[in-house]
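Can you build the whole structure from these sequences, using the hints too?
Below, each chain spelled out in residue letters.
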Amino acid sequence: MNKGQNRDWVKTFLDNFIWFILAILFTYFAVNIPNFTSKTNLINVLLHASVLGVLTIGQTIVLLTGNFDLSAEGMVSLSTIFAMWLMITPGTVTGTAQGSGLMMDPYLVIPIILVLGTVVGYLIGIMITRLNMNGFIVTLAAQLVLRGVAMIISNGQIMTGSPKAFNWLGGAKVYGFPVSVIVTLLLYVGVNYLLNQSKFGRELRAVGANPDAARASGFNPKRTITMAYTIGGFLAAFAGWMLLGRLETTVSSLGEGMTLETVAASVIGGVSLKGGIGSVGGAFAGVLLLSMIDNALNLMSVDSFWVESVRGFIILVALLIEAQKFRYKPKVVHEKEPAVASDCK
Amino acid sequence: MKKNTSKLLDVIFENLIWLLVAASLIIFSSLSSSFRAPNNMAGLLYRSAALGLLVLGQSFTMITGNFDLSSESGLGLTAMVAALALASADNGGLGWEVSPFVAIVLMIGVGLLIGLINGFLITRLKMNNLIVTIAMQMILRGMVYIISPGSTASFFPKAFDWLGGGTLFKIPLEKGFFSFPVATLFVIIVFIIAHIITRYTQFGRNMYAVGSNLTAAKDAGIDSDRIVRIVYLIDGFCMALAGWLAAGRIDSATPRTGAGLTFPVQAAAVIGGISMAGGRGNMIGALGGLMLWSILDNGLSIIRVSPFWIETSRGLILLFAVFLDAVKVRQMHQRSLIDILMQSTIGLKDKTIVKK
Numbered sequence: 001m002n003k004g005q006n007r008d009w010v011k012t013f014l015d016n017f018i019w020f021i022l023a024i025l026f027t028y029f030a031v032n033i034p035n036f037t038s039k040t041n042l043i044n045v046l047l048h049a050s051v052l053g054v055l056t057i058g059q060t061i062v063l064l065t066g067n068f069d070l071s072a073e074g075m076v077s078l079s080t081i082f083a084m085w086l087m088i089t090p091g092t093v094t095g096t097a098q099g100s101g102l103m104m105d106p107y108l109v110i111p112i113i114l115v116l117g118t119v120v121g122y123l124i125g126i127m128i129t130r131l132n133m134n135g136f137i138v139t140l141a142a143q144l145v146l147r148g149v150a151m152i153i154s155n156g157q158i159m160t161g162s163p164k165a166f167n168w169l170g171g172a173k174v175y176g177f178p179v180s181v182i183v184t185l186l187l188y189v190g191v192n193y194l195l196n197q198s199k200f201g202r203e204l205r206a207v208g209a210n211p212d213a214a215r216a217s218g219f220n221p222k223r224t225i226t227m228a229y230t231i232g233g234f235l236a237a238f239a240g241w242m243l244l245g246r247l248e249t250t251v252s253s254l255g256e257g258m259t260l261e262t263v264a265a266s267v268i269g270g271v272s273l274k275g276g277i278g279s280v281g282g283a284f285a286g287v288l289l290l291s292m293i294d295n296a297l298n299l300m301s302v303d304s305f306w307v308e309s310v311r312g313f314i315i316l317v318a319l320l321i322e323a324q325k326f327r328y329k330p331k332v333v334h335e336k337e338p339a340v341a342s343d344c345k
Numbered sequence: 001m002k003k004n005t006s007k008l009l010d011v012i013f014e015n016l017i018w019l020l021v022a023a024s025l026i027i028f029s030s031l032s033s034s035f036r037a038p039n040n041m042a043g044l045l046y047r048s049a050a051l052g053l054l055v056l057g058q059s060f061t062m063i064t065g066n067f068d069l070s071s072e073s074g075l076g077l078t079a080m081v082a083a084l085a086l087a088s089a090d091n092g093g094l095g096w097e098v099s100p101f102v103a104i105v106l107m108i109g110v111g112l113l114i115g116l117i118n119g120f121l122i123t124r125l126k127m128n129n130l131i132v133t134i135a136m137q138m139i140l141r142g143m144v145y146i147i148s149p150g151s152t153a154s155f156f157p158k159a160f161d162w163l164g165g166g167t168l169f170k171i172p173l174e175k176g177f178f179s180f181p182v183a184t185l186f187v188i189i190v191f192i193i194a195h196i197i198t199r200y201t202q203f204g205r206n207m208y209a210v211g212s213n214l215t216a217a218k219d220a221g222i223d224s225d226r227i228v229r230i231v232y233l234i235d236g237f238c239m240a241l242a243g244w245l246a247a248g249r250i251d252s253a254t255p256r257t258g259a260g261l262t263f264p265v266q267a268a269a270v271i272g273g274i275s276m277a278g279g280r281g282n283m284i285g286a287l288g289g290l291m292l293w294s295i296l297d298n299g300l301s302i303i304r305v306s307p308f309w310i311e312t313s314r315g316l317i318l319l320f321a322v323f324l325d326a327v328k329v330r331q332m333h334q335r336s337l338i339d340i341l342m343q344s345t346i347g348l349k350d351k352t353i354v355k356k
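Chain order of the listed sequences is A and B.
For what it's worth, full-length UniProt numbering labels the leading residue of the first sequence as 1, then goes sequentially.
For what it's worth, full-length UniProt numbering labels the leading residue of the second sequence as 1, then goes sequentially.
It is worth saying that the hints were derived from the structure and are not from the lab.
Small disclaimer: the values here were computed from a predicted structure and weren't measured.
A few of these clues could be false.
Take a look, some chain B residues computed to stay more than 10 Å from chain A by CB distance [claimed, not checked]:
#, residue
1, SER24
2, SER34
3, SER88
4, ASN91
5, PHE101
6, PRO149
7, LEU214
8, SER224
9, GLN266
Cut-off 30 Å, straight-line C-alpha distance, at most; resulting in silico cross-link-like pairs (DSBU-like, lysine-lysine) [as the list claims (entries may be wrong)]:
#, chain 1, residue 1, chain 2, residue 2
10, A, LYS11, B, LYS126
11, A, LYS11, A, LYS164
12, A, LYS274, B, LYS126
13, B, LYS170, A, LYS222
14, A, LYS222, A, LYS199
15, B, LYS158, B, LYS170
Beta carbons: idealized from backbone N, C-alpha and C, even for Gly.
See the structure below:
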């Protein structure tokens with residue numbers, strides 16, 4: 001009995017491991033780096049976490065079904081470029097990027113790019129589920145195609161000067177607090193609630209944990225996976241809107257390398273790559289951890305050559321923990337089995 | 001009768017890559033005279049020799065159902081290690097100026113070490129191969145920057161450059177020479193050796209067994225972890241050879257050597273028919289994939305297609321390749337299901353039931 005309680009405690013600890021690491025690192029940084037806890041810096045951390053965070057929600061949802069989405073960063077690039085192309089004036093100086101001359105109203109452009117993201121996500125989902133194409137390579141190729149189209153539209157140039165109404169989400173502040181951070185937090189709360197309480201959330205986990213069993217119990221895995229990619233596409237376009245609002249400038253290489261960060265953040269936050277295990281809340285802790293470390297490395301003015309190696313090591317350590325947890329989990333289940341059997345008597 | 005047509009289809013499907021290679025060769029040759037120049041033709045594999053070795057290593061890992069995304073940085077690191085040991089202090093090296101053979105042994109050692117670490121993390125610690133190798137890619141690339149403080153090391157001894165940049169023979173033409181690069185021959189030979197290993201040795205058969213059905217392979221007594229470890233060692237060895245070729249060809253190594261190759265490596269292997277699911281594909285097909293990739297690369301830039309379009313078309317080609325792979329899998333699945341039902345005691349002769 002005592003041992004069982006002990007196991008439960010270990011399990012809770014392992015499940016919330018990431019928050020402990022986060023707290024310890026935060027204290028460490030706060031003590032050792034002078035400006036780390038200043039208000040501007042903390043807001044900076046959260047700002048970086050917001051765009052990454054929105055992308056990570058999409059990635060987590062797809063990971064829960066046991067798939068990968070490497071196309072999101074391509075969608076970020078395309079949605080920003082496309083939005084700019086619709087909004088800005090045709091360039092007069094040679095060498096600058098050309099707008100379409102449509103000069104669309106921002107309130108029209110926002111729905112357009114969100115729909116674009118949704119449709120692209122849906123198409124990717126269809127390719128993977130209906131045409132049985134390998135998800136990893138499909139999304140990798142999609143990333144390339146999306147970025148390629150962004151390059152063609154922008155002619156490889158920087159596009160700048162998005163209208164104020166468009167920038168509201170990414171750039172505005174409410175009572176000194178960035179809108180993007182508030183929106184991201186709300187999104188996390190909402191999606192976390194949705195995944196834990198709704199039928200769709202249970203479907204996602206069931207499909208990820210065991211597609212055959214999910215099919216046998218009446219779920220439609222193909223539909224669920226398509227849905228997950230569709231949501232991923234929508235959120236990628238949303239993140240694009242947010243990022244463009246903050247930077248007011250875009251270029252086709254925008255968001256390069258973000259895919260890796262989203263996967264890393266999810267995995268660090270306890271989302272299993274095998275599907276079915278993990279939560280959006282944990283992933284958010286992963287996002288905060290990565291943003292915090294990035295920020296701290298910056299403040300400590302660590303040699304930029306080291307930054308990439310350090311990041312790689314962090315991902316490795318997270319993976320190591322994840323792999324050990326996966327080994328440990330079955331033992332817990334096994335331990336409990338006799339108890340269930342005795343209950344039945 | 002029907003069986004014959006499906007067999008013919010099989011043969012076409014298996015060799016589709018060579019049809020595509022031939023078609024693209026003919027198209028680009030007719031479009032551009034500089035493409036069909038003998039020097040350009042012989043140089044196709046010479047320019048993508050380093051890529052070819054990475055494709056080879058990737059094919060090994062993919063046949064066992066694993067990935068290696070770290071190879072581009074492995075190439076960079078091995079090339080940089082050799083470059084630092086070889087080049088004089090004036091040219092960005094450490095000033096050791098070791099003999100080329102020591103440098104080659106050194107870089108192969110580094111490559112094997114990378115393979116060993118990858119294999120250890122994946123089989124012993126049960127970490128996800130995809131993310132492990134992505135993390136390794138970042139770590140190794142960081143290490144390249146750390147050991148070479150962001151600078152280029154160049155001018156190596158001739159013996160070192162021979163493999164990557166040397167010429168095997170020259171034939172005088174009306175204008176200049178037709179020179180046949182060593183690297184072209186080397187890549188072809190290495191692919192043939194790999195083909196023999198995978199096709200005709202017990203180890204090769206075990207590789208396919210592990211890749212196509214891990215549980216069945218384990219039940220049959222194959223030590224799958226050992227196979228995967230060896231495969232990653234081979235992969236590390238290939239990285240070192242690729243580093244040697246890359247450094248030798250341009251006679252220098254920069255911190256960015258090999259960066260961005262992961263995607264072409266994956267693409268060439270998949271286009272060449274190596275299945276992402278593991279257990280299918282052969283090395284000769286992978287060579288075809290490599291050739292198709294370098295022909296398109298070379299051909300499209302010779303006929304002056306905008307680089308933005310080249311990037312997009314690459315993605316589309318890859319999508320097409322994955323689509324073909326999926327079709328192939330579905331067909332095989334259906335056929336094996338039919339075969340099983342035909343042989344079963346129920347004596348199901350009606351094939352229409354199976355085809356949903």
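Against the structure, the hints come out as follows:
1. Taking the minimum C-beta to C-beta distance to chain A, about 19 Å, the non-interface status of B:SER24 holds against the 10 Å cut.
2. Against the 10 Å criterion, B:SER34 stays outside the reach of chain A, whose nearest CB is about 25 Å from its own CB.
3. Even its closest Cβ contact with chain A, about 23 Å, leaves B:SER88 beyond 10 Å, as expected for a residue assigned away from the interface.
4. Distance check on B:ASN91: its Cβ is at least 21 Å (rounded) from any Cβ of chain A, clearing the 10 Å threshold; non-interface status holds.
5. Distance to chain A confirms B:PHE101 as a non-interface residue, since its nearest Cβ pair spans about 30 Å, more than 10 Å.
6. For B:PRO149, the condition that its CB be more than 10 Å from all CB atoms of chain A is violated, with the nearest at approximately 7 Å.
7. For B:LEU214, the non-interface assignment is confirmed: its Cβ lies about 14 Å from the closest Cβ of chain A, beyond the 10 Å cut-off.
8. Taking the minimum C-beta to C-beta distance to chain A, about 17 Å, the non-interface status of B:SER224 holds against the 10 Å cut.
9. Not every CB of chain A lies more than 10 Å from the CB of B:GLN266, the least distance being 7 Å, so the non-interface label is violated.
10. Using a Cα cut-off of 30 Å, the hinted pair A:LYS11 and B:LYS126 holds, with the two alpha carbons roughly 20 Å apart.
11. Distance restraint check for A:LYS11 and A:LYS164: the Cα-Cα separation of roughly 49 Å exceeds the 30 Å cut-off, and the hinted pair is therefore not satisfied.
12. Proximity of A:LYS274 to B:LYS126 is assessed by CA-CA distance (about 12 Å); at most 30 Å being required, the pair is judged to hold.
13. Restraint check for B:LYS170 and A:LYS222: not satisfied, since their Cα atoms lie roughly 58 Å apart, outside the 30 Å limit.
14. Of the pairs offered as hints, the one joining A:LYS222 and A:LYS199 holds, with about 16 Å between alpha carbons and a cut-off of 30 Å not exceeded.
15. Restraint check for B:LYS158 and B:LYS170: the C-alpha separation of about 18 Å stays at or below 30 Å, so the hint holds.
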